[in-house]
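Enquirer: Those protein sequence lines, which keep their order, are chains A and B. Quick note on numbering: the first sequence equals residues 1 to 355 in the numbering used here. Quick note on numbering: the second sequence equals residues 1 to 343 in the numbering used here.
No wet-lab data here; the hints were simulated from the structure. Since this is a predicted model, take the numbers as computed values, not measurements. Honestly, I wouldn't trust all of these hints.
[What the hints assert, rightly or not] DEER-style ranges, computed between Cβ atoms:
{"id": "1", "chain 1": "A", "residue 1": "G259", "chain 2": "B", "residue 2": "I115", "range": "30 to 40 angstroms"}
{"id": "2", "chain 1": "B", "residue 1": "D232", "chain 2": "A", "residue 2": "W104", "range": "52 to 62 angstroms"}
{"id": "3", "chain 1": "B", "residue 1": "G45", "chain 2": "A", "residue 2": "A304", "range": "52 to 62 angstroms"}
{"id": "4", "chain 1": "A", "residue 1": "Q102", "chain 2": "B", "residue 2": "N218", "range": "55 to 65 angstroms"}
{"id": "5", "chain 1": "A", "residue 1": "Q27", "chain 2": "B", "residue 2": "F334", "range": "43 to 53 angstroms"}
{"id": "6", "chain 1": "A", "residue 1": "K181", "chain 2": "B", "residue 2": "L153", "range": "39 to 49 angstroms"}
[Said to hold, decoys possible] Residues on chain B that point at chain A, a partial pick, calculated with CB under 8 angstroms:
{"id": "7", "residue": "T140"}
{"id": "8", "residue": "W156"}
{"id": "9", "residue": "L281"}
For every residue, glycine included, the Cβ atom is placed at its ideal position computed from N, Cα and C.
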Amino acid sequence: MAIVETESKIVRLDGTRQNWLEKIPAQYWVVGILLLIMPLFASDFMLFQIFGWTFILGMIALSLMFLAGYGGMVSLAQMTIAGLAGYLVAILGDSAITEISQGWPWYAAIPVALIVTALFASAIGWLAVRTDGIYTIMITLAIAAAFFYFARQNYEVFNGFSGFNSIHPPSLFGVDWRGPKAFYYLTLFWAVASYLFILYISRAPFGLALQGVRDNSRRMSALGYNVVAHRVAAYTLAAIPAGIGGILLTWQSAQISPGTVGIGPAIDVLVVAVIGGLGHPIGAFIGALIYVLLKTFSTDALIALSLSGERFRLLIGLSFLVIVFFSPDGILGLWKKFKVWQQRNPFEQSDGRDL
Amino acid sequence: MTGVAIVREYASKHPWWAAIIGFGAIVLLWMVFALWPAWLIDLIGKKKIFLSALFNGITLGGLYFLVASGFTLIFGLMRNVNLAHGSLYLLGGYVGYFVSEWTGYWLLAFPVAFIVVGFVGALMQIFVFRRMEGQDLRQTLVTIGLSIVFADLMLWSFGGDFFNISPPSWLSGPVETFFATGVKRSSGELIFMKYPVVRLAIFVASVVVGVLMWLLLNRTRVGMLIRAGVDDRDMLAATGVRIQLVFLGVFIFGAGLAGIAGVVGGTFQSVAPGEDIRFLLASLVVVIVGGMGSISGAAIGALIVGLAEQFGSVYFPTYAVVLTFLIMVLVLAFRPHGLMGSS
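Just chain B, same shape as in the assembly (with noise of 0.2 angstroms):
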């Protein structure tokens, strides 16, 4: 089915949802282009604030996508809450740190990162899930434990310190986007948004890994294994598939992702205790309000968390991040199973 006949298809289902929604994108397109009439300057501050608003969330849930996706295709396969995804994700963080610290590459710090908390993941998955098959209440006690262990060795380790990770200097400062933010009074020449590069680079790199996803899962062999395996894994099982090989590399997968998330925050951000927690709530509210197991609904997710965190942070700094919990709420209250989570 092409794009244009889903959204016919919507359209004649839910007619009024349909018109609210094109009715909310023509606006927030018109917000995006156009220059601001002074009234709504008045209302909402000024353009440039709502535009970086926009732009920072839109990034952010790019990085929430990246760990988000890792966590959600794990537990669509293996029913397998990995609650120390947020470990991976600090522990991909201060790899990539001192990778690009000591060898001053910092490309060099993804594929290191990916292999190292990769390698962490297939251990995890040999010796303590594959002990416990179907057992999910204990498997997520066991990751409970393990991110204790790992958040104290991390602690012990590298210490309370923040890290932050430089991007290259190609990727260092902002580059001019063709966002009119304003006009300049003297001369009536438009001003552009400066927008840091290193974050629509990112960005730009988590919207490419998640159509690779997409293909490799919708287009691959490989892909229709591990879907075959969400929907009944007894009976990819029993067609003779190994599936402890696609269980492990789905495992190694998703643990790599955290860690490339991990490179990715702390160029963002920083790396530091107390992270891991941050970005294993995010990445639980994403997939609960997308929906467990689908990479779509970690991508709609991501993006609306995000959002709600940034514009929150702009025009409600008081109550941000509750914000992003009342949004989990009033979705869990209507669609118990996420966005794109099926019943």
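Isolated chain A (complex conformation) (with noise of 0.2 angstroms):
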């Protein structure tokens, strides 16, 4: 292998190493407690509703994130792959549409629907790595497009208009996973088992080599790396961040339909991940957190203002617009660029020349 992997050892004074442990920033310890605390405090329409729905937003946001940031393929299909996860779940599993779900057990339902995803994903990986750049992004919404009109067209499978409605997690253990707390907890599991396993993926050979591809792959493919393998593969891996997502998305609203799956949905997702920024992993969450606080408070806030309330959309994508123009890497770059500017020397100008 060509990478070397510099393990970095950070050494006390007495000579003995850090555990890994004492290695995480304090911010985390800080974020993660007040995570796991939330219950304690927060009403159950903020833990179900707020967190859960960002929680799950930000997981689908998160594996565009990854293809978008490492890969440098921006893919408006992934709403459509976490709706097919859904909607898979719905087909295997039990739903108020007896003719059609089969009626699985979860342990059966779910595997299968996230591997059908994942293999879902690859094919539409395929297709889209065969441009780039902004061809595909077209091409996914078109793909996008053209499952959301299946799903809408089609009765035998996917029950057409209306969906599939009633579809509720197993109870495992005796907890009602609906329930606020349990589906907090479960949205918040998955979330940081989701988060940790990107920035796993980004730090393995694989994300090494995927980021190597972004930027230069004619040089990546000159050193014997197979580019449309490693953009295919990245494809399936955002499928499973994604089809979780989805699983989860369809337990919290106990239906899936074609409206889940459409096309303001897919540009959302976009939205979402734009907004939070494209450079980190954690940016995902963050314009997730954003998007969904303005969805279900903006209402409030725009009437305020005595403007009418159906208004939300002119607000998303006016703050979209916003950032875009100002802040290429979304409020990650915002922060950065907050960072850089407060440890700027008074006395110094931006060049670093003295005055």
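Dock chain to chain to rebuild the complex, using the hints, since each chain is given by itself in its own frame.
Expert: In structure tokens:
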């Protein structure tokens, strides 16, 4: 292997190495503990609607962030992939549409749903990687639209316009997983797991090679890497957080219909990922939190400003525009700029010369 | 090179494909002009249905060409995927509706829509795209944001109702064409197909627009500058051409075409929220099938997509919309840069 891992060994003054727990920065501890004790003081609405939805949307946006940030491929089909996983859980598992739902137990339905989703995502990836840059956006948008129309027209498998309802999570360990606290912890667990998964992949040899492909695909292929295979594999891997997010989304609203996988939601995932920032996996969750807060509370805010509450999309579109205009790296980029500005020496000009 | 020479060269290069295409063309001509025998009617239904699907497909293709040609022209020159193109189309539709309602002149709707939408396009080019030149992805993201904002602003000002632009009296009603669909049992006279005049007029207009665009691009100095810009815009700028003006002109023209297409679409069908996404997707599929940045590609792609949509809705009604996307996937799988695209 050409890549040499240089492990950073932080050595204390007395010569002992820090263990891995001590290496985690303080802000991670604060956020982690805050998230864990959240149910002690947050209302059920906050837990189920705000945070549950944030984590789910964050996972779907995370899959887009992985493809766009590390692979340089902006895919608008991630909501479609999430929606397919949700549909498959409804089709293979239990729902109110008993003529179609197969009624498989959860330990069969969920893995099969995720595997089929990953295969579907690989097929999308195989089509999409034949082109690059802005072409990818257009092709994945067209695929998302095709899936939406297909799901709306097909009554044999996807139950057409109405979709499926009464899809509940399995009551494992005697817990009602749709209860606010249980659902909060369920989504929190999978969000953290997806976050760590993507973080790990991005630092593993595969993720480094993918970033190499993003930066210079010709050089990577000259080095002997199979560029197409890396890109398609990125789509396959990105399907895992998206698929889990899609299943949780289906459980949260207990239904799935073509509206879930429409063109609006597909673009919203991109909006979320870009608002948060494509530079780091945490951006997806920051963007999701902002989106969910805006969507939930903008109605009240707009009415307070004596505007109609229906202007939510205007608000989200404008904030998206502002972010893309002033900080292409989203909120994370703004944060970095702020830090640089903070550390600046007021007696120096920005290029480092003395006044 | 003349048309005959192109056909001859193609036939010598790909004899099998040429034979298949030629055979298909003969079968199609026979199906259009001949009276159908009973076994064919048993197989795929009446000739009238087939002919109206064919005509609707071709005229819908004309409309798609109007929308997609502006889109592909802007992309070809500026590498800018304007995902707000559907919003410009819808804006043109609304403008056209109000102009033709207030003044009573349907024809007046076209120049007004062209000017208003072209003006919006000019504002977009000056205040948005000029600031982020060369950043393809960021420009595309901005157009997504703009399309969200435009869609909501239009919903706000015009409401969610359907509007229908009514064509003037001299264009309404059907006209008898010279395509026979059957024979009268009683007298033995031929029955000829009737077809709405306005659709034919609009199709002729879109062909005229296409030909004019081709002439503009291939026979004028401005067209030469645009084609040079498509090939290498840095080199063109280095020769002293004020490329920003060329960009602005092309953007206004492309946006104005979308506005005109909006008036046409409002007369064909209706103006309503959601049509912007529909026509954006249609133009995306058209240019992906035809090849990005190529006018002839847009024409072929629009024809294919229009025909696929109409024949799909007649012969496989459930999956008509999916059929067009299936064609796109097939084209992508074998020719990633589209039928007329250069790699």
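Enquirer: It remains to establish, for every hint, whether it holds in the given structure.
Expert: Against the structure, the hints come out as follows:
For the pair G259 (chain A) and I115 (chain B), the supplied restraint of 30 to 40 angstroms holds, since their beta-carbon distance comes to about 37 angstroms. Distance hint for D232 (chain B) and W104 (chain A): a CB-CB separation of about 58 angstroms, consistent with the stated range 52 to 62 angstroms. In this structure the hint that G45 (chain B) and A304 (chain A) lie 52 to 62 angstroms apart at CB holds, the actual value being about 60 angstroms. Taking 55 to 65 angstroms as the suggested C-beta distance range, the pair Q102 (chain A) and N218 (chain B) conforms, at roughly 59 angstroms.
Separation of Q27 (chain A) from F334 (chain B) is about 51 angstroms and conforms to the stated range, judged on CB atoms against 43 to 53 angstroms. Range check, K181 (chain A) to L153 (chain B): Cβ separation about 41 angstroms, and the 39 to 49 angstroms hint holds. With 8 angstroms as the threshold, the beta carbon of T140 (chain B) comes within range of chain A, its nearest partner Cβ sitting at about 5 angstroms, so the hint holds. At a threshold of 8 angstroms, the smallest CB-CB gap from W156 (chain B) to chain A is about 7 angstroms, leaving the interface hint in force.
Taken as an interface hint, L281 (chain B) checks out: its beta carbon lies about 5 angstroms from the nearest beta carbon of chain A, inside 8 angstroms.
In summary, the structure agrees with every hint in the numbered list given earlier.
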